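**Q** Keeping the supplied structure of chain A fixed, place chain B upon it in accordance with the hints.
Listed in order, the protein sequences are those of chains A and B. Position 227 of the first sequence, counted from 1, bears residue number 232 in the numbering used here, the numbering being contiguous throughout. Position 172 of the second sequence, counted from 1, bears residue number 194 in the numbering used here, the numbering being contiguous throughout.
Hint data in this document are derived by calculation from the structure and do not stem from the laboratory. All values derive from a computational prediction rather than experimental measurement. Any given hint could be a false lead.
With a straight-line cut-off of 25 angstroms between C-alpha atoms, the simulated DMTMM-like cross-links for lysine to aspartate or glutamate are [stated by the list, open to error]:
#1 68/B / 77/A
#2 68/B / 177/B
#3 48/B / 83/A
#4 195/B / 36/A
#5 68/B / 119/B
#6 120/B / 73/B
#7 48/B / 29/B
#8 48/B / 77/A
#9 195/B / 83/A
#10 195/B / 50/A
#11 48/B / 37/B
#12 215/A / 239/A
#13 120/B / 163/B
#14 195/B / 16/A
#15 195/B / 163/B
#16 120/B / 36/A
Pulled a few chain A residues facing chain B out of the computed Cβ check, cut under 10 angstroms [to be verified]:
#17 28
#18 69
#19 80
#20 81
Ideal placement from N, C-alpha and C gives every residue a C-beta, glycine not left out.
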Amino acid sequence: MNIQQHPDLIERLAAEHALGTLRHGARRRFEALARQHPAIQAANERWAQRLAGIAELQPPVTPSAHVWTRIDNLVAADVQARIWARTSADAREAALTGAAAPAASWWNKPQPLRWLAGLATVAALVVGASSVWEQRSQEATIAALQTELANKPAVEYVAVLVPTGDASAGPGLLVTFDGERGQLKLQRVSDYRESADRSLQLWALPPGGKPRSLGVLGADALIRLQATQADLIEVPALAVSIEPFGGVPSEGGPTGPVVFSGRLLKNQT
Amino acid sequence: MNNADTDATLVALLDRMAAADESALKALYALTSAKLYGVALRVLGKAEWAEDVLQESFLYIWRSASFYRNTRSPPMAWMSLVVKSRAIDFQRHLTVEKQHLMHEMTADVEQQLTADVPSALDLRHASQAAIALHSCLSALDHQQREVVSLAYLKELSHGELAERLKLPLGTVKSWIRRSLDELRRCMARFA
Numbered sequence: 006m007n008i009q010q011h012p013d014l015i016e017r018l019a020a021e022h023a024l025g026t027l028r029h030g031a032r033r034r035f036e037a038l039a040r041q042h043p044a045i046q047a048a049n050e051r052w053a054q055r056l057a058g059i060a061e062l063q064p065p066v067t068p069s070a071h072v073w074t075r076i077d078n079l080v081a082a083d084v085q086a087r088i089w090a091r092t093s094a095d096a097r098e099a100a101l102t103g104a105a106a107p108a109a110s111w112w113n114k115p116q117p118l119r120w121l122a123g124l125a126t127v128a129a130l131v132v133g134a135s136s137v138w139e140q141r142s143q144e145a146t147i148a149a150l151q152t153e154l155a156n157k158p159a160v161e162y163v164a165v166l167v168p169t170g171d172a173s174a175g176p177g178l179l180v181t182f183d184g185e186r187g188q189l190k191l192q193r194v195s196d197y198r199e200s201a202d203r204s205l206q207l208w209a210l211p212p213g214g215k216p217r218s219l220g221v222l223g224a225d226a227l228i229r230l231q232a233t234q235a236d237l238i239e240v241p242a243l244a245v246s247i248e249p250f251g252g253v254p255s256e257g258g259p260t261g262p263v264v265f266s267g268r269l270l271k272n273q274t
Numbered sequence: 023m024n025n026a027d028t029d030a031t032l033v034a035l036l037d038r039m040a041a042a043d044e045s046a047l048k049a050l051y052a053l054t055s056a057k058l059y060g061v062a063l064r065v066l067g068k069a070e071w072a073e074d075v076l077q078e079s080f081l082y083i084w085r086s087a088s089f090y091r092n093t094r095s096p097p098m099a100w101m102s103l104v105v106k107s108r109a110i111d112f113q114r115h116l117t118v119e120k121q122h123l124m125h126e127m128t129a130d131v132e133q134q135l136t137a138d139v140p141s142a143l144d145l146r147h148a149s150q151a152a153i154a155l156h157s158c159l160s161a162l163d164h165q166q167r168e169v170v171s172l173a174y175l176k177e178l179s180h181g182e183l184a185e186r187l188k189l190p191l192g193t194v195k196s197w198i199r200r201s202l203d204e205l206r207r208c209m210a211r212f213a
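So here's chain A without its partners, still in its complex pose (with noise of 0.2 angstroms):
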């Protein structure tokens, strides 16, 4: 069947389409053709206009206004992000087209664009939450280390990191910096587990450079490392990667993929 020749049908498909009760296999079909078919896409758009009013009508309701100040915050941290991730566009573009490289290089690793990926969506993250469940997450988590903070004047950061790339999972590792003991505390809070062969490696984020390794997670809930506010200083953010079981050489970047990260925040008193 032509179905050009039935316009009466198109009518209905789109009017049943558009309501919602057009379903499964028809559905499918149907729009199948309406990508063929200019009348048909035009006959679904003019079907899901008509009934928008019915939306549209409902009483309106005036929300809380506290919603007006979650999106507003949500804005201006997608407009950073985008800031953030021209930038780091722009420092990966120099690095590609630059000059002399290291010979045991980072760049030349198998996959090297793999991290350098992964770098953007962190800078996403770097700048503020992307998503209204990970900001009120990430507001509650804040709020309670800034409560440690508070009472810790001796922790100078902290961090939560989070799984890349799904907002809708919780946070997987927090992390506190001692500057009196020259330690990072870091917390598994999640149930991710790594498997025998694999540890997993933190890495400070410095803008614009190279990843940068503060060592390796033993297989504890709570984890210490040794460092110095030098390997934290203007380091905007952190990220997680599964390495080979005992980590890899700093110098040589991250070989896996990146499981957490998030934003390092200084404690300002």
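**A** Same frame as chain A, now just chain B:
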């Protein structure tokens, strides 16, 4: 402000948002958030869920403002659809227990769907498209109106509607077909 002006104002704000003008977003929110929140709340019943959907929707609208013109859609129709789709998605991702909770909360709301005819006050700032639809929906008999509204707002299938309204499947199918046919005839007069 009459209805044509409302549409033009909203389109101008979306154009400014496409150029990353954050003050335009604030103005858009002021003009449209109550309507859009009403939609989310109608679908989900719970304020916290509706708030999350509203936030995600405005973030999406902000990010897609430069694509809005490609949709060839009146502004409120586009935004209402964004909110409704996200609300339905949100509902589908709720756990089974929470879905049950949601059904309880919205059950009595659904009884009132037909009783809820917007007042002249609400229509004052409605888009032209919505006014046309309102007029045509009013011409349907109340059971037809109820079935159509429920099907749309909850994205229910014929089978789900039949179950909810305790009607035979054949009845639901023919009511929907007749209602859509009548809407089509009526709305063609406005087009």
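**Q** Taking each numbered hint in turn, which are not upheld by the structure, reported in ascending numerical order?
**A** 9, 13 and 16
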